[in-house]
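Protein chains in written order, with our numbering: chain Z, 1 to 395; chain D, 396 to 790.
If you're looking for bench data, these hints aren't it; they were derived computationally from the structure. The reader is advised that the hints may include incorrect statements.
[What the hints assert, rightly or not] Keeping only pairs whose Cα atoms sit at most 20 Å apart, straight-line, the calculated PhoX-like set for lysine-lysine is:
no.	chain 1	residue 1	chain 2	residue 2
1	D	LYS742	D	LYS785
2	Z	LYS192	D	LYS476
3	Z	LYS207	Z	LYS188
4	D	LYS583	Z	LYS188
5	D	LYS587	Z	LYS141
6	Z	LYS192	D	LYS785
7	Z	LYS148	D	LYS526
8	Z	LYS347	D	LYS543
9	D	LYS785	Z	LYS390
10	D	LYS583	Z	LYS81
11	Z	LYS81	D	LYS587
12	D	LYS583	D	LYS602
13	Z	LYS390	Z	LYS347
[To be verified] Which residues of chain Z face chain D? A partial, calculated answer using Cβ under 10 Å:
no.	residue
14	GLY29
15	PRO100
16	VAL146
17	GLY150
18	ARG151
19	LYS207
20	ARG212
21	GLY360
[As the list claims (entries may be wrong)] According to the in silico footprint, chain Z covers these stretches of chain D (three or more CB under 8 Å from chain Z):
no.	segment
22	450-462
23	473-482
24	491-501
25	597-611
26	687-697
Here the structure is a predicted model, which means the values were calculated and not measured. Note that CB positions come from ideal geometry on N, CA and C, so glycine has one too.
2 protein chains.
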Amino acid sequence: MEVSDFQALIRGRMVPVGEELLPIGQIGGRVLAEAVVSQVDVPAFPRAAMDGYALRSEETFGADPYNPLTFKVIGEVTPGKVFPGTVGAGEAVRIMTGAPIPEGADAVLMAEATSEDDNVMTATEPVTPQKHIGRIGEDIKAATEVFKPGRGLRAQDLGVLASIGVGEVRVREVPSVTLLITGNELLKPGEKPRGAMIVDSNSIMLKHLIDRDGARVEEIRHLPDDREVIRDALLNAPGGLIVITGGTSVGVEDHAPTLIAEEGELLAHGIAMRPSAPTGFGWCADRPVFLLPGNPVSCLAAYDFFVAMALRLMGGRAEPWPYRPVNYPLADRISSQIGRMDYARVKLENGHAVLLATSGASALSTTTTADGFVVIDQDSEGLAAGDTAKVWLYD
Amino acid sequence: MEVSDFQALIRGRMVPVGEELLPIGQIGGRVLAEAVVSQVDVPAFPRAAMDGYALRSEETFGADPYNPLTFKVIGEVTPGKVFPGTVGAGEAVRIMTGAPIPEGADAVLMAEATSEDDNVMTATEPVTPQKHIGRIGEDIKAATEVFKPGRGLRAQDLGVLASIGVGEVRVREVPSVTLLITGNELLKPGEKPRGAMIVDSNSIMLKHLIDRDGARVEEIRHLPDDREVIRDALLNAPGGLIVITGGTSVGVEDHAPTLIAEEGELLAHGIAMRPSAPTGFGWCADRPVFLLPGNPVSCLAAYDFFVAMALRLMGGRAEPWPYRPVNYPLADRISSQIGRMDYARVKLENGHAVLLATSGASALSTTTTADGFVVIDQDSEGLAAGDTAKVWLYD
Chain Z
1 MEVSDFQALI
11 RGRMVPVGEE
21 LLPIGQIGGR
31 VLAEAVVSQV
41 DVPAFPRAAM
51 DGYALRSEET
61 FGADPYNPLT
71 FKVIGEVTPG
81 KVFPGTVGAG
91 EAVRIMTGAP
101 IPEGADAVLM
111 AEATSEDDNV
121 MTATEPVTPQ
131 KHIGRIGEDI
141 KAATEVFKPG
151 RGLRAQDLGV
161 LASIGVGEVR
171 VREVPSVTLL
181 ITGNELLKPG
191 EKPRGAMIVD
201 SNSIMLKHLI
211 DRDGARVEEI
221 RHLPDDREVI
231 RDALLNAPGG
241 LIVITGGTSV
251 GVEDHAPTLI
261 AEEGELLAHG
271 IAMRPSAPTG
281 FGWCADRPVF
291 LLPGNPVSCL
301 AAYDFFVAMA
311 LRLMGGRAEP
321 WPYRPVNYPL
331 ADRISSQIGR
341 MDYARVKLEN
351 GHAVLLATSG
361 ASALSTTTTA
371 DGFVVIDQDS
381 EGLAAGDTAK
391 VWLYD
Chain D
396 MEVSDFQALI
406 RGRMVPVGEE
416 LLPIGQIGGR
426 VLAEAVVSQV
436 DVPAFPRAAM
446 DGYALRSEET
456 FGADPYNPLT
466 FKVIGEVTPG
476 KVFPGTVGAG
486 EAVRIMTGAP
496 IPEGADAVLM
506 AEATSEDDNV
516 MTATEPVTPQ
526 KHIGRIGEDI
536 KAATEVFKPG
546 RGLRAQDLGV
556 LASIGVGEVR
566 VREVPSVTLL
576 ITGNELLKPG
586 EKPRGAMIVD
596 SNSIMLKHLI
606 DRDGARVEEI
616 RHLPDDREVI
626 RDALLNAPGG
636 LIVITGGTSV
646 GVEDHAPTLI
656 AEEGELLAHG
666 IAMRPSAPTG
676 FGWCADRPVF
686 LLPGNPVSCL
696 AAYDFFVAMA
706 LRLMGGRAEP
716 WPYRPVNYPL
726 ADRISSQIGR
736 MDYARVKLEN
746 GHAVLLATSG
756 ASALSTTTTA
766 DGFVVIDQDS
776 EGLAAGDTAK
786 VWLYD
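So that you can see chain Z by itself, here it is in the shape it has in the complex (with noise of 0.2 Å):
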């Protein structure tokens, strides 16, 4: 099956999760389940956008350093107060940045412009009505829609919906991940690698990659390649996505794709990759199951084309996609297969992307020593050196 095709499959399937209300100091990073609209205007009243002296701006017209004009400062407002009085005739009070302007004051005229001793203020220059006056709604009007359902909340968002006085909003559940890692010859994280027995690089990789995509991993199980222990865990996983690393190709020990076609149904299996090759998608037990290969690259390629896409999409996300390209030219050719996607490994040197592997699934270290990869289309033969590239970048 072809990427894309696989990826319109994933599109076609995926559901978002469920919403839940929460306070705004648990919503960073979550993603809106609503449309907010706000119900105040920001700011909710007139208010000083400089230090100065709010006064009748028409008063202050002709003044200059050499025509200072004076008036009687009647008092003080400072932010969060309201001044009790009314601005009149040659009148001034002090203001604050942020302190709402007193009844009678058009505008504020900044505290560079005068001088103040025994409560005369003098001006040295003319104001004009509303200057540097902050108007009522003019961050924000009451009954605008401030945030579409979608939204993925970014620092600034939580800062907004504060301002406008919301203590709780409705949110995308967080999508949660059952990790089944299949393998006789693996061992945990943290344990030496020894006799045939490597250590499972997967499950900590993938477990920061979900992470990332705003999933979370609610389970990571190592199993042993055995067919009814892989199929107890598939029925009785918890999560609402099931990721199976190992096992997935077509080999005698491969029981995943067969459990999923005998409890479920295997969707597709076997993508026009290079690697990841031998990836699935399937459904059992009413949740989606992603088939991933064990070898570490192809794991982490299939992760980012296929899961991460399901993920997002479960959690509400408008863009599935997690990197961002940049531009580079390459300094070699990559040459590559029609028919198959190439996922090639490239770092950044003295402003060329340099291929360093598009083969080798087992060595992850290609994808460590790499700043990025080039996707080739499946359609070309590959890429020319000095071609411009589109370089999604790990970090």
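Fit chain D to the known structure of chain Z by using the hints.
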């Protein structure tokens, strides 16, 4: 002070936090404090890169569909097991991807080039020596430096560390921050704005940014504009770095700059940048203190330009800047004053960057409508419509 001088001052002052030894399961997103040298070869033994038959390659020479050659299958080896015998003349061992190559064999003939019946395998293709064998150290050679200190650990880095048997590793501690949010006019996030009171939007925004930058908020304190209360908080706040917002200008209630000068060292105050001019940096009670403006756009920009850098340097990170750029032609002219850096918020529309705002330090909604920002250098009068601008994307 110019932005670049301010940044240079920060670079010169910040010192990385201490180190801690953590198990591999807890180091996601951390920064290595030590070089990691592999003690082992990966793989540690020659292993099959394909499913097929391990045999003596020279015995397959000449095999083709018209000249099939047969081998006696003397057993099978799966990952994690060691084949107990030796492959002799005319013999083959069925082998799965990842399994150790048996003694005597020097290649794997892939399953697709064979058929098997009653423990006799028929080969219809030859295979060259070492074909489909993952060699010892092919991924990582023993005694190789795998990572340098200062490496911000990616998902795949965790996988590599697991694969070489690392159980625990020295990483940088997570820098801790106390947020002192000052202002008599401020309500806490989650409250409804009322009267002359507004809701603090900075604490919740800064917390999210601080998490992004690999640090953590130790405590958030909301303080009145009371000189002695703020003094006490500055001297006794927990955390390795203090951020104080509001009251950072030169008005009567702007206590922070003078308090830092009294109790420590005010190293810089006032930046040639719009917004964010009333930003400051000092040292107090043996800790760096950043003074951020209370206006939320100024607070956001000043955080990103200065505090993010400080926290990343404290965390031992090589890359002090949190954003990545994309180039877009400008839809509009952006004018700027020489001698001042401008932080212009832009939206991406129809392949162009559309200016939303350069001024409006209090209008946080400009940063939620925007996709990112363009920096107009202090030596520039601005950019013309059609010019290519470097847009730093918020997401």
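So which hints don't hold here, by number, going up?
Per hint list: 4, 6, 7, 17, 22 violated.
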